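Numbering (full-length UniProt numbering), first residue to last: 1 to 120.
None of these hints come from the bench; they were simulated from the model.
Treat the hints with care, as some may be off.
The list that follows gives simulated cross-link-like pairs (lysine to aspartate or glutamate, DMTMM-like), each with its CA atoms no further than 25 Å apart [said to hold, decoys possible]: (1) K82 <-> E70; (2) K84 <-> E94; (3) K84 <-> E70; (4) K86 <-> E109; (5) K99 <-> E74; (6) K39 <-> E27; (7) K99 <-> E109; (8) K84 <-> E74; (9) K82 <-> E92; (10) K99 <-> E80; (11) K82 <-> E94.
FRET-style restraints, in silico, Cβ to Cβ [stated by the list, open to error]: (12) L61 <-> L18: 29 to 35 Å; (13) G62 <-> K99: 52 to 58 Å; (14) R78 <-> L33: 34 to 40 Å.
Keep in mind the model is a prediction, meaning the values are calculated, not measured.
Note that the Cβ used here is the ideal one computed from N, Cα and C, for glycine as well.
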Amino acid sequence: MLRLLRLLFILSTGAVLLVLALANRTEVPVRLLPEEPAKLLHLDYVFQLPLFLVILAAVALGVLIGFVWEWLREARIRAEAKGKTKQVARLERELAVLKDSTSTPPQDEVLALLDSGGRR
């Protein structure tokens with residue numbers, strides 16, 4: 001069922017992109033800088049690209065910037081989680097050492113099995 005939904009999503013996205021590409025085939029000039037500063041700096045390059053490529057490139061760039069922005073924003077949270085994981089591991093080791101040092105061997109075999117979790 002999930003495979004079918006994924007396939008349906010991919011096909012519908014592809015159809016939308018195909019319609020977008022067919023509807024926006026007109027070539028448009030793409031400049032790196034506005035005309036006056038470009039002439040001043042001798043960087044007056046103009047590329048003729050189909051409009052759908054410009055639209056898709058802008059969307060892809062926006063998604064990429066969003067992913068990077070979120071990754072950087074969550075860096076503090078990831079670092080904190082890593083520190084907490086190390087702290088939990090250290091406390092578990094400390095608890096195991098304390099359990100071993102303070103525990104007295106049980107007098108009954110049934111109690112020994114219960115303490116060991118059913119392992120012999």
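Do the hints match the structure? See the list:
no. : hint                    : result
1   : K82 <-> E70             : holds (18 Å)
2   : K84 <-> E94             : holds (15 Å)
3   : K84 <-> E70             : holds (21 Å)
4   : K86 <-> E109            : violated (36 Å)
5   : K99 <-> E74             : violated (37 Å)
6   : K39 <-> E27             : holds (22 Å)
7   : K99 <-> E109            : holds (19 Å)
8   : K84 <-> E74             : holds (15 Å)
9   : K82 <-> E92             : holds (15 Å)
10  : K99 <-> E80             : violated (28 Å)
11  : K82 <-> E94             : holds (18 Å)
12  : L61 <-> L18: 29 to 35 Å : violated (21 Å)
13  : G62 <-> K99: 52 to 58 Å : holds (54 Å)
14  : R78 <-> L33: 34 to 40 Å : holds (38 Å)
The structure shown violates the earlier hints numbered 4, 5, 10, 12.
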